[in-house]
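A.B. asks: Following the hints, put chain S in place on chain P, whose structure we already have.
Those protein sequence lines, which keep their order, are chains P and S. Numbered per the working numbering, the first sequence spans residues 1 to 147. Numbered per the working numbering, the second sequence spans residues 1 to 360.
Among the hints, erroneous ones may be present.
Said to hold, decoys possible - In silico EDC-like pairs for lysine to aspartate or glutamate, Cα to Cα no more than 16 Å straight-line: (1) P:K21 with S:E133; (2) P:K5 with S:E189; (3) P:K5 with S:D190.
Read the hints as simulated data drawn from the structure, not as lab findings.
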Amino acid sequence: MAIMKYAPQALKNLFLKPVTKNYPAEPAVYPQGTRGHIDISIDDCISCGMCVRVCPSNALSVDKIKGTWTINRFDCIACGYCAVKCPKKCLFVNPGYQEPKDGKPDETYTKSPEVLAAEEAKRKEAAAKAAAAKAAMEAKKKADEGQ
Amino acid sequence: MGNRSVIPFGPQHPVLPEPIHIDLVVEDEKVVEAVPSIGFIHRGLESLAGKRDFNQLVYVAERTCGICSFQHGMGYCEAVEHIFGVEVPKRAKYLRTIWAELARMHSHLLWLGLLADGFGYENLFYQCWRIRERILDLHELTAGGRLIFSVNKVGGVLKDIPEDKLKEILRTLDEVDDELRVIRSVFFEDRSVISRLKGVGVLTKEQVNELGAVGPFARASGVRVDMRTLGYAAYPELSFAPIVSNDGDSYARCFIRMMELFQSIKLIREAIGKIPAEKELEVPIKGNPDGEYFMRVEQPRGEAFYYVKGSGKPFLERMRIRTPTFANIPALCEMLKNADLADVGLLVLTIDPCISCTER
Numbered sequence: 001m002a003i004m005k006y007a008p009q010a011l012k013n014l015f016l017k018p019v020t021k022n023y024p025a026e027p028a029v030y031p032q033g034t035r036g037h038i039d040i041s042i043d044d045c046i047s048c049g050m051c052v053r054v055c056p057s058n059a060l061s062v063d064k065i066k067g068t069w070t071i072n073r074f075d076c077i078a079c080g081y082c083a084v085k086c087p088k089k090c091l092f093v094n095p096g097y098q099e100p101k102d103g104k105p106d107e108t109y110t111k112s113p114e115v116l117a118a119e120e121a122k123r124k125e126a127a128a129k130a131a132a133a134k135a136a137m138e139a140k141k142k143a144d145e146g147q
Numbered sequence: 001m002g003n004r005s006v007i008p009f010g011p012q013h014p015v016l017p018e019p020i021h022i023d024l025v026v027e028d029e030k031v032v033e034a035v036p037s038i039g040f041i042h043r044g045l046e047s048l049a050g051k052r053d054f055n056q057l058v059y060v061a062e063r064t065c066g067i068c069s070f071q072h073g074m075g076y077c078e079a080v081e082h083i084f085g086v087e088v089p090k091r092a093k094y095l096r097t098i099w100a101e102l103a104r105m106h107s108h109l110l111w112l113g114l115l116a117d118g119f120g121y122e123n124l125f126y127q128c129w130r131i132r133e134r135i136l137d138l139h140e141l142t143a144g145g146r147l148i149f150s151v152n153k154v155g156g157v158l159k160d161i162p163e164d165k166l167k168e169i170l171r172t173l174d175e176v177d178d179e180l181r182v183i184r185s186v187f188f189e190d191r192s193v194i195s196r197l198k199g200v201g202v203l204t205k206e207q208v209n210e211l212g213a214v215g216p217f218a219r220a221s222g223v224r225v226d227m228r229t230l231g232y233a234a235y236p237e238l239s240f241a242p243i244v245s246n247d248g249d250s251y252a253r254c255f256i257r258m259m260e261l262f263q264s265i266k267l268i269r270e271a272i273g274k275i276p277a278e279k280e281l282e283v284p285i286k287g288n289p290d291g292e293y294f295m296r297v298e299q300p301r302g303e304a305f306y307y308v309k310g311s312g313k314p315f316l317e318r319m320r321i322r323t324p325t326f327a328n329i330p331a332l333c334e335m336l337k338n339a340d341l342a343d344v345g346l347l348v349l350t351i352d353p354c355i356s357c358t359e360r
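Looking at chain P on its own, in the form it has when it is part of the complex (with noise of 0.2 Å):
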């Protein structure tokens, strides 16, 4: 049994530098790869769906027609499961948590206009090419029984 054997430790953390941080004087740093939050580059999105049903808290939705991909970071666990499953591997999961706010309101990310127009000309385009084949179809079958 030994007394005061803490003394040489405690008495040298007098003189240590303190180990916490006058945050948010002095700001946080964290290390690259910290599962903060997520990020989406919304123009590469394909709204394809698969990261709002891979969420295990059903934090995410998304709309193909606006091309809206809504995300409640209050939901969100930053488990990056969804970054995982992209498959255009646009979400990112980047440092930085969430800051807290007055609710619990969603985050909207909508797409350019550009990428916007250019996939409704991709959806026309496709239901021209649809309803043309649909014609010809129709066509050929009125033919067929003409004969």
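C.D. replies: Structure of chain S alone, referenced to chain P:
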């Protein structure tokens, strides 16, 4: 015979960060009976098995406990992997082992701090948590989260630890090793620590066996029970032998956990030395789990046990978790009998209670 009275202990108590309620029947200053009640924070995690698919459940399992979250995720994944009958790549096994041991270190340091706080040694408490902070930084550096790792997946791991980060782990562990030696000598030799812990709350090997206690709590009474010897993850390839003491008192429990810290450092060093340099970290999983499996893993608090049953659908039929604290509560109540009222807080701490874990 003195006057009998009942003193409620918890659910809000300074030594407990989490709620457990124990009715202490005391005769003068001696406890004659302890009646526990839990259920204050039941979250129903197991029932989520019917609402989340088996891949999403990894993240649910991890959140069973904030302290041993990695082992929860790993236990669940290993159970499902056994149902699929897949073998995880070797590097993934080693990575799991490294993370599991880091998690054990932070949990034991947390406990040692709480114990020091429990017997009124504030300086020691801060020193333990100061060291623990360095382990948490390693978690953040390697996995991205300080407590919740989210690196496990069914079939392997999602992240690799590159060579430079492995070196950083080794460098930090060298420093932590030196710092731990200082607090080890305090915990083992300081008069005030010994007078609060030696001979307090003795449980014999027979009692522990009879009451089914697990983990460091059981090992402190001479029961050689450690699930790491069953050979999951990379443990079979590492030189590992459980640390056992025969004293059965609070001091022995402190001894076991302190020595396990050094053992964990040794295991991590060995695992980093032996880790294979392959690129594959996961095996592809096809289909849905069909079958059932019991998985037993050694958490910092003892044996946790996962029962998973799938029926060929994405949603599991049943997931059942038995956590170590739940197994240790009967032994705790036995230990509290004949204890001094002043020691009750300390004795409850010595099982390393994790009530949120227990209630799932």
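A.B. asks: Each of the hints needs a verdict: does it hold here or not?
C.D. replies: Hint check:
A hinted pair counts as satisfied when its Cα atoms are at most 16 Å apart, and K21 of chain P with E133 of chain S qualifies at roughly 13 Å. The hinted pair formed by K5 of chain P and E189 of chain S meets the criterion: a straight-line CA distance of about 8 Å does not exceed 16 Å. The suggested pairing of K5 of chain P with D190 of chain S holds, with an alpha-carbon distance near 6 Å, which does not exceed 16 Å.
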